[in-house]
Structures are given as structure tokens and as C-alpha cells.
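Given chain V, put chain Y in place with the hints provided.
Single-letter residue listing:
Protein chains: 2
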Amino acid sequence: MVAPESETLTKLSMKALFIGFGNVGRKVAEILFEEWEKFENLKDLGLSVIGIVTKSHGALVNQSGVDVVKALQDFRDIGRFSTLSPEFATISGVNAARRLEYDVLVELSTLSIQQRGEPALSHVREALGRGKHVVTANKAPAAFAYHELRELARKNGARFLHESTVMDGTPVFSLARSGLKGCRVTGLSGILNSTTNFVLSRMEQGESLEDAVKTAQKEGFAEADPRHDLEGWDAAAKITVLANALMGASLTPFDVERQGITRVSIQDAQRAVQAGKHLKLICKAWREGSNVRAKVALEEVEHGHPLAPIHESGSILMIETDLLAPFIITETDPTLYDTAYGVINDLLSLTPA
Amino acid sequence: MVAPESETLTKLSMKALFIGFGNVGRKVAEILFEEWEKFENLKDLGLSVIGIVTKSHGALVNQSGVDVVKALQDFRDIGRFSTLSPEFATISGVNAARRLEYDVLVELSTLSIQQRGEPALSHVREALGRGKHVVTANKAPAAFAYHELRELARKNGARFLHESTVMDGTPVFSLARSGLKGCRVTGLSGILNSTTNFVLSRMEQGESLEDAVKTAQKEGFAEADPRHDLEGWDAAAKITVLANALMGASLTPFDVERQGITRVSIQDAQRAVQAGKHLKLICKAWREGSNVRAKVALEEVEHGHPLAPIHESGSILMIETDLLAPFIITETDPTLYDTAYGVINDLLSLTPA
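Those sequence lines, one after another, are chains V and Y.
Those letters in the first sequence? Residues 0 to 352, by numbering that gives the first Met the number 0.
Those letters in the second sequence? Residues 0 to 352, by numbering that gives the first Met the number 0.
One chain only, chain V, in its complex shape (with noise of 0.2 Å):
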């Protein structure tokens, strides 16, 4: 059997300083180096990790390669690093991305809308600006400052990947890079956060929106704060990062018309059920002249609506362009593991074909 199209085969060869290490970075750590043989493809990748950056539960740094499983047995029994171990080490996620050496930065930090992106958006300049690779599951650098880090990658010799930060590793960005090649996006459509679209669902069939959101909760899909997620902040900050990537827009989260779902009731959204329709949190982006624009707003959709068969946690994106009919892409049920994946994804795209 000759390998199929999909699969690569080469090794990576390559050193990665992972920033932040959550629940994101510690499955991608899991999936390569402690269940690697579960996945078929993914023997001999040949990463070697020389940092893990934590802003509040310590670092390691061996240039020689940490102990991944060690590691992640370490946050299991005590939540973070042991300061006995011989790698840990006292250093600030700049610092690293400024100093060690590696060839690629796996930015999985969190995004901080207030703070407009920071300190990921500064660890990817870092990066970037030495020739460093970027992946990232993180949507502030690509939803602040995309434009700029695309040609600093591009000035450097290096690439600036972020799969995992629209509809977890379901391939969108990839897609776009070796799918509609020539083609000209002119619009996007979609229900890109789970938490809302959960609760949405949930609030037809009469729970109240507190109810559904502890549900949530519980299900381990919606944050402990749950309101970046309510109040449309993460659906904004998906829709930029689309827009910018795949239409040259050079928006930012507080550029995007906002609407979030804390203002809904238990009567609003049966209303939509009775009318033969469904409630649910649109995001946008749409040219206007040599503009584009994005927006994230509450509709009613028909049942045959194209995005209506998206319930609880799935994600659905429409794309439309100036030769291709439009097509959708829907992911189903994701789990962590779709999230990590994205930014394997993104590793292996670092190797040539």
C-alpha cells in the first residue's frame, strides 16, 4: 500500500519553544510525545522541545531537549512544574522567544482582548523578526496585527501559521492556502463559537441561559469567565482573523459590529423554534468597494438555511468566491484533540512537500 496524498512522512528535525502550556499545549505535548503510537503517521516526527514558557507555573529550558512526559506528569500530580527539576527555570516568555535557540515558536498563550493581543503578539514578533517559524492556536497575533507578521515571516525566511485558531484544526487556513488558489474570497459566513451556539440550543428546548452556560461548563467547552465567549469577543476575534487571512483585511476584534447572546431569553429563542426557525450568532465579512467589513450578530435562520444543521458545539464556515460556487466546511463534535491537532497540522506544514 503506497502512502495516500495526505500523509507526510518526513521527519521534522526541528527544535519548538512552546509559550504557554494549557490545556492546548499540554495535549499537543501529550499527543507527541506520550500517545504518538496510537497515530499511525506521527511516529519519528524528530521535535525536540528546548523550552516550555509558563507566565504563572514556571519554565524549562534544555537545549539539549526537555522532558516532555515528565513534564506533563508533573502538572498532573502538582498543576505545574517542579522547581527541583535540573531544566526548570526562571524566565519571561519575551525573554525566551528573544534568546534561546529553536526553529520554531508554538504560541499557545491566551488572548487578552483588553490587552489588545499582549504578550503573544509580542513573543511572535520576537520570533518572527530572528527568522523563527511561528505556529499558534492563539488568535491574538493574527487578529492585531496580521498584515505586519505576515511580512516580517515573509521579510525573514519564516512562516506564520495558525490553523487552530478558527474551528480548532478542522482545515481552513490550509485550505485556503492550497485550495482556492486564484480564486478571490467575497464573503464569509458562519457559527464559529460553540459556547453561544450550545447555549442557544439549549435555550430552545427551555433552559435558561445560566443553566445552559454551567452545562457548558461542565461539558469543558465554555471558560470558567465565561463572557469573552457570551458576549461575542470570540466570535469577533475568529471572524478577523478570517477576514484578514483569507480577504487581506487588516481589521481587529474592535473593528468587527458585535452583538453577543447575554441579552436572550428563554422566550426569544423558543419564538425562532415556533416560527420554524433557529436563533443563532452569525459572524460575517463582506467586501464593500475596496473594503472589507465583518460583523457578529443574532439571526433567525430557516430550517434549509445552509448553516441551520449546526447544533451544540459543532462550527460551520461558508465560503464564497469570485469562481467557485460556495462551499461549507463543518466540523462535528470537536474535542481537544481537534485543537491540538490544528497545530500538528501546522508543524508538519513547515517541512518541505
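The set of hints was computed from the structure by calculation and includes no laboratory data.
Check the hints yourself; a few may be wrong.
Which copy? The list can't say, so a pair holds if one copy fits it or any two copies do.
The list that follows gives simulated cross-link-like pairs (lysine to aspartate or glutamate, DMTMM-like), each with its CA atoms no further than 25 Å apart [unchecked claim]: (1) LYS42 - GLU287; (2) LYS37 - GLU319; (3) LYS10 - ASP321; (4) LYS283 - GLU39; (5) LYS276 - GLU311; (6) LYS276 - GLU203.
It should be emphasised that the depicted structure is a prediction, and the values quoted were computed from it without experimental measurement.
Then chain Y, alone, in the frame of chain V:
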């Protein structure tokens, strides 16, 4: 505004040989040589066509570039190339592929299941054997000799691309190449033949198979001889190409368990609807031990089924992998532009990124 990720502004600077100049071939030529000004990212591609060879409408050869606009006009005026043209030639597809000087063969002849993919297969072998790239919308090469041709391409430093063989130009193979690195595809399921899907949708509404086929022919997506579609051969060829390219299978359409829709009655279709379901011709590929199996079969799918939303002429494909949760690609309302676009995306994929 900076060029978005999807845009390729590189020049192709390539010489192409076209074999086949039917609806798809002429639409590719129209887009690239007559309509290009309408498509912002197709300007200045630098593609020259050094030959166009058809089975029964003549051939044109000109090493400095065939006058494609004139050729299209002749087809519109007299339904074939003019024997009076100074570029008119008498040459077979195989001889053209073997003897002319070109960089890429654009193989757009018609699939013949009965002849096991010939003569397309020979055209592609000639080209790849000489180290020339191949771009094809014909399912024959990938359905009958996928791995032989990939290996031939690899050995000779050429590429073998076939985006338009399944779901027209909607990114499927380019997506798998760039967006599923390190994943192992474990299963595929989809509705891939638009004629049968259209006919089944119409039969739900009480139209007879014969009338529905006539409507599909009138709307331009059923062939004059619809048996290739109705008997499930087109669907079988498509799931074969997908299984070969995405799952490493070595199938031909003759290895696919195949069911068509010729025996479906209006009553069957309406009984499904009354039971809250839809009768669909579903393509599937799955792994059994180290083998890959595939089938095309009628199934009653529930309203909520991931493949149910596809009505009339759309297509849909669900991809399951070992790492990434199942995801779905949906093509809405394709026209000839979509098939032609898949060929153009393949052509643009031949330039370094």
C-alpha cells in the same frame, strides 16, 4: 491591502497540452483566455497552450502558442476546429502526449469505465514518463492506476493532480494534501453524484425517474446517456479515486460494491419521506484490517443525518480520521465553472508556493 493567504500571484510561465476539449476543456479555456479580466487573481498567468487534441473535432498544434480565442470561436461557430486553420493538425492524443513539447498535460477527455480508463490512461502515462506534469478532471487515471501513476510522477519529478475528479473544484485533494498532514483517514462517506441525488429529490415530490432525468438533462448536469450516473458507475469511480488518494487503497471501480437507482420507484422515495427520512445514494469507503473497501448503496437517512442536507445537485463528503473529529465538505449548486476551477487550482499548484 496585502494579498490574502489564498492568493497566488506567481506567474505560471508554462506550456500546456490539452487533450479533450468538451464542456470542461472549453470552460477552462474561456476562463483563462476570454474571461480572465473578470477574475482579479487570474491576471497575467503566463500559460500558453501549444496543442489542443480532440478525438473527433480535430487538433490544433502551435509550439509558439495556439490562438485559443480563435479556437473557442470556431467551436461556437462550427462545433469543431476549422480545417482551414494554419494550426490544424492530424495527431492522436497518445502521439501528442509523446511527441509535443509542453510542461503540463491537461487531460480532459471522457472517462470510459468499459475501456478501463483508456485512452486517458495512456495519455497520462506518456506525459508522466517524460517528466511532464499532469492535471486531469478525468477520473480514469486515478480510478484505474492511481499508485502506478503517482510513482511514475515521483520518479520523473512531475506532479499528478486531479482535483476536479470529485466534487468539481471544491477543495478535496488539495485539502487532504495540506490540511490532513499526520492524520490517517479512517473512513469516507458522501453523496457524490449530482444526477442521482437530483433525481431522488424529485421523486420524493412525486416525479417519475424518467421525467426527473429529463429535467436534469435540461438543466445540463445529466449526460445524454444517463446510465453511467443512474447505474452508480460515476459514484463508484469517485469513491475509488477518494479511497486510492486519501486512504492508500488500490481499488478500481470494478472492486466497488455498486448499486444504482434504476429500480427505485416513486413509492420507495415517498415512503422514505413519510418515515421522516430521505433516500440517498451513499458512497462509502472504510478500512477492514489492512484493506480498504468501498461501496455505493441506497440508504434511507434520517433528517438529522450529517449527509441529509444535500438536495438536488449539491455534493457532500464526510472525512473521518484517527486524530481530527469527522468533518464535512459541502458543495452547493455547482456549475461548469466549478469543474473548470478545479483544473485551474491544480495548474496554479504546479508553481512553487
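We went through each hint and held it up to the structure:
no.: 1; hint: LYS42 - GLU287; in the structure: between (48 Å within a copy, 22 Å between copies)
no.: 2; hint: LYS37 - GLU319; in the structure: between (37 Å within a copy, 16 Å between copies)
no.: 3; hint: LYS10 - ASP321; in the structure: between (38 Å within a copy, 20 Å between copies)
no.: 4; hint: LYS283 - GLU39; in the structure: between (38 Å within a copy, 22 Å between copies)
no.: 5; hint: LYS276 - GLU311; in the structure: both (15 Å within a copy, 22 Å between copies)
no.: 6; hint: LYS276 - GLU203; in the structure: both (10 Å within a copy, 23 Å between copies)
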